[in-house]
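Protein chains in written order, with the working numbering: chain E, 1 to 351; chain H, 352 to 683.
If you are wondering where the hints come from, they were derived from the structure by calculation, not from laboratory data.
Errors might be hidden in some of the hints.
Label pairs and their in silico Cβ distance ranges [unchecked claim]:
(1) 136/E <-> 659/H: 46 to 56 Å
(2) 234/E <-> 683/H: 43 to 53 Å
(3) 19/E <-> 474/H: 57 to 67 Å
(4) 57/E <-> 561/H: 31 to 41 Å
(5) 150/E <-> 440/H: 46 to 56 Å
These figures come from a predicted structure and were not determined experimentally.
Yeah, the Cβ is synthetic: ideal placement off N, Cα and C, and Gly gets one too.
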Amino acid sequence: MTVQEVVSKKYSYKGEPISVRSLETEISSERERQNVNVGKLTALRAKNDELHKNLTEEIKKLRKVSDFFSRGETKGAFGTRIKEILSYFPGMRNAFFTKRSIEELLKQQYEISAKRVKEAADYSDRLKAAEQDLFLEIERLNVKIIESAENEQIAANAVIEFSALLEEKRAALKAFENKGDVAYRQLQAEADELNRTLSEHSTLLELYASAEDRLARLKENTGRVQETMTNLFTDIRKYVIVASEKLDDAVAQIQAVGTAADASIVLVDMKTSLDVMTRSMNETTQFVSETQLYLREHLDSLLGDLEVYDSETQKMLQVNLERSRNLENVAIGRAIERARELKGQKEGAAL
Amino acid sequence: MHSPFAENRIRISDPDAAEQYLEDLALCLEQARLNDVYPKTEAMLSSIDMMAPSMHCNLYPTLTVHAATGLPTYKEFVRVAADKSLAEAELPSLQKWKGATGADIYDVLARKYRYYTTLLHVEELMEESGKIYFRKIDKATSTALFRIVLDRISLTGTLERLTVCLGQQKNIWGKSAVTRDDMDAAKMSESLQGMVYRMAAQDVEMIFIRLGEDPDLCVETVTKGTIGPFLTSKLCPAPAFLPLQQLAKEGAILNLSLSTASSAQPTDVFNDPYQLTPQFSQAARIEMAQRQMVSYRVMTDRKFVLRGVSRDALIKHLSEFGTTNIIYEVRP
Numbered sequence: 001m002t003v004q005e006v007v008s009k010k011y012s013y014k015g016e017p018i019s020v021r022s023l024e025t026e027i028s029s030e031r032e033r034q035n036v037n038v039g040k041l042t043a044l045r046a047k048n049d050e051l052h053k054n055l056t057e058e059i060k061k062l063r064k065v066s067d068f069f070s071r072g073e074t075k076g077a078f079g080t081r082i083k084e085i086l087s088y089f090p091g092m093r094n095a096f097f098t099k100r101s102i103e104e105l106l107k108q109q110y111e112i113s114a115k116r117v118k119e120a121a122d123y124s125d126r127l128k129a130a131e132q133d134l135f136l137e138i139e140r141l142n143v144k145i146i147e148s149a150e151n152e153q154i155a156a157n158a159v160i161e162f163s164a165l166l167e168e169k170r171a172a173l174k175a176f177e178n179k180g181d182v183a184y185r186q187l188q189a190e191a192d193e194l195n196r197t198l199s200e201h202s203t204l205l206e207l208y209a210s211a212e213d214r215l216a217r218l219k220e221n222t223g224r225v226q227e228t229m230t231n232l233f234t235d236i237r238k239y240v241i242v243a244s245e246k247l248d249d250a251v252a253q254i255q256a257v258g259t260a261a262d263a264s265i266v267l268v269d270m271k272t273s274l275d276v277m278t279r280s281m282n283e284t285t286q287f288v289s290e291t292q293l294y295l296r297e298h299l300d301s302l303l304g305d306l307e308v309y310d311s312e313t314q315k316m317l318q319v320n321l322e323r324s325r326n327l328e329n330v331a332i333g334r335a336i337e338r339a340r341e342l343k344g345q346k347e348g349a350a351l
Numbered sequence: 352m353h354s355p356f357a358e359n360r361i362r363i364s365d366p367d368a369a370e371q372y373l374e375d376l377a378l379c380l381e382q383a384r385l386n387d388v389y390p391k392t393e394a395m396l397s398s399i400d401m402m403a404p405s406m407h408c409n410l411y412p413t414l415t416v417h418a419a420t421g422l423p424t425y426k427e428f429v430r431v432a433a434d435k436s437l438a439e440a441e442l443p444s445l446q447k448w449k450g451a452t453g454a455d456i457y458d459v460l461a462r463k464y465r466y467y468t469t470l471l472h473v474e475e476l477m478e479e480s481g482k483i484y485f486r487k488i489d490k491a492t493s494t495a496l497f498r499i500v501l502d503r504i505s506l507t508g509t510l511e512r513l514t515v516c517l518g519q520q521k522n523i524w525g526k527s528a529v530t531r532d533d534m535d536a537a538k539m540s541e542s543l544q545g546m547v548y549r550m551a552a553q554d555v556e557m558i559f560i561r562l563g564e565d566p567d568l569c570v571e572t573v574t575k576g577t578i579g580p581f582l583t584s585k586l587c588p589a590p591a592f593l594p595l596q597q598l599a600k601e602g603a604i605l606n607l608s609l610s611t612a613s614s615a616q617p618t619d620v621f622n623d624p625y626q627l628t629p630q631f632s633q634a635a636r637i638e639m640a641q642r643q644m645v646s647y648r649v650m651t652d653r654k655f656v657l658r659g660v661s662r663d664a665l666i667k668h669l670s671e672f673g674t675t676n677i678i679y680e681v682r683p
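The whole structure should be built from the sequences, with the hints applied where relevant.
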């Protein structure tokens with residue numbers, strides 16, 4: 001076993017072997033994963049918009065009906081506005097007030113409100129899952145970053161040791177008097193082999209350093225997406241809990257109004273019931289409205305940043321590719337040089 | 352805001368206790384052999400089944416029960432219906448967590464996937480609905496005969512079906528209480544639907560009289576089938592049911608009451624131990640008849656389903672009222 005074989009055994013790298021192509025593929029695949037995560041956030045924004053639209057509509061209905069009752073208008077004073085007011089209740093378009101049961105209407109409205117809050121709760125679960133996905137993604141990237149950092153260290157140590165060995169060999173070669181000696185040739189072969197090995201480890205050093213840096217930047221952006229998800233989830237959870245509690249109160253109020261709901265004497269109770277439902281919907285709508293703004297402000301800038309990062313990654317990949325090509329060119333240049341030398345020596349011998 | 356009705360609800364937080372309660376209720380309902388004057392058994396059982404922690408995979412921490420009637424609250428029925436309405440749209444996005452483990456939220460979503468999948472295949476749930484069916488046309492009197500069926504989750508905690516058989520003598524298929532839709536099916540006017548819903552909480556006699564006030568309508572029969580109360584030792588039922596609750600100390604008793612006001616009924620029959628007298632006096636009825644209102648007779652009945660309760664003890668209790676009621680037992 002040669003010296004460099006013995007030394008090489010000391011430097012075993014962790015994980016899959018790395019090359020310019022594999023690094024490019026890996027970064028590209030990580031980038032795709034990040035795009036998927038950002039896509040999830042975009043889809044959640046769309047869901048948020050939909051919820052906001054529905055909830056705003058519901059709140060508008062509840063508020064108008066509640067305002068109407070709070071003015072204590074009597075049946076005779078309903079006038080033409082009553083048709084408009086009642087059209088906010090499900091299935092009540094163009095209906096005349098006294099024809100429908102208030103209890104039935106309150107129940108129908110409660111059922112719609114309950115469904116809306118449930119949708120918001122399901123949405124919050126999805127946010128939580130998306131956040132968890134990103135935590136795992138960061139964990140996975142950290143493993144890769146640490147592995148790259150460790151490999152970079154191994155490569156650096158290898159480069160130092162091999163360059164020292166190469167220096168020794170070169171010094172020994174210089175000391176030789178008879179350049180045609182077999183021992184000289186053997187030493188020279190060893191030096192060449194060392195040079196090749198040094199070149200390999202130097203390349204690895206650059207690749208692992210590049211991988212570590214680029215993965216760290218990917219992680220940083222993934223962290224920002226995760227932070228956005230966390231903020232959204234924290235907000236929606238708070239609102240869903242409050243909205244559910246208010247809705248519980250609403251159903252109790254409907255019970256309180258009960259079968260007497262159709263008598264004008266309980267209009268105040270009914271207004272309370274509607275107000276509670278309105279508050280419940282308000283809580284949820286407020287959340288959706290705030291998160292909508294948050295998403296607009298943050299998601300767009302985040303996507304912009306990711307685009308910048310993407311082009312930087314591309315540049316970095318290009319630079320690395322060029323460096324690798326240069327290294328190859330140097331090696332090839334040396335080989336050509338050596339080949340020419342050999343050719344010249346042979347031609348000289350033939351003459 | 353503290354609700355004054357909060358104390359009317361019992362929260363069952365222990366999943367085993369909730370399972371046991373729902374199983375008792377479901378077994379009693381299955382044993383009740385209900386006909387079509389009660390809400391549909393399958394629909395009630397589906398809703399009750401889906402309230403069980405084992406069915407919703409512990410997604411909901413508590414089950415609320417109406418303290419006076421011992422049945423799941425309106426909110427619980429709405430919750431199951433809301434979940435079913437969202438299940439189809441939510442399932443595709445939940446698919447990826449189908450068998451997920453690890454983080455708590457993955458587990459929640461995996462459970463939600465299982466729950467929604469089960470729920471999606473449930474055909475019918477107990478929900479409020481009002482329908483009208485055309486029965487026939489009586490050519491002799493030019494009367495179109497209809498049957499109105501209204502299912503309610505009453506605010507007093509019982510599950511009810513109100514069935515009204517009536518005829519419309521004037522303006523058949525015109526702009527009256529009953530019209531027809533685009534498919535030529537019978538359709539209740541807003542006014543009739545509202546009236547029936549508003550009166551649904553009232554006694555059958557009152558419904559019969561009030562509907563009979565409409566000159567276009569000829570009421571034949573008003574029947575109300577009521578599920579509940581479901582008595583167990585933990586409830587605070589109405590005073591009339593307290594002795595019955597004493598019997599349910601070790602088990603459960605499901606009440607199924609039936610009341611009918613009908614013009615075809617020859618005599619009054621009162622076989623409900625808790626409703627042994629008519630709503631209106633005989634004199635009041637004569638007065639109504641004199642005002643050319645259709646006369647009617649009333650029938651009330653009540654049957655019981657027992658689980659872990661002595662049949663003999665119940666018979667003894669009922670003998671105090673002089674009624675002979677059907678009693679079913681859920682066998683262990």
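Status of each hint after checking the structure:
1. 136/E <-> 659/H: 46 to 56 Å: 50 Å, holds
2. 234/E <-> 683/H: 43 to 53 Å: Hint holds: Cβ distance 50 Å, inside 43 to 53 Å.
3. 19/E <-> 474/H: 57 to 67 Å: 59 Å, holds
4. 57/E <-> 561/H: 31 to 41 Å: Given range 31 to 41 Å: holds, Cβ gap about 36 Å.
5. 150/E <-> 440/H: 46 to 56 Å: 47 Å, holds
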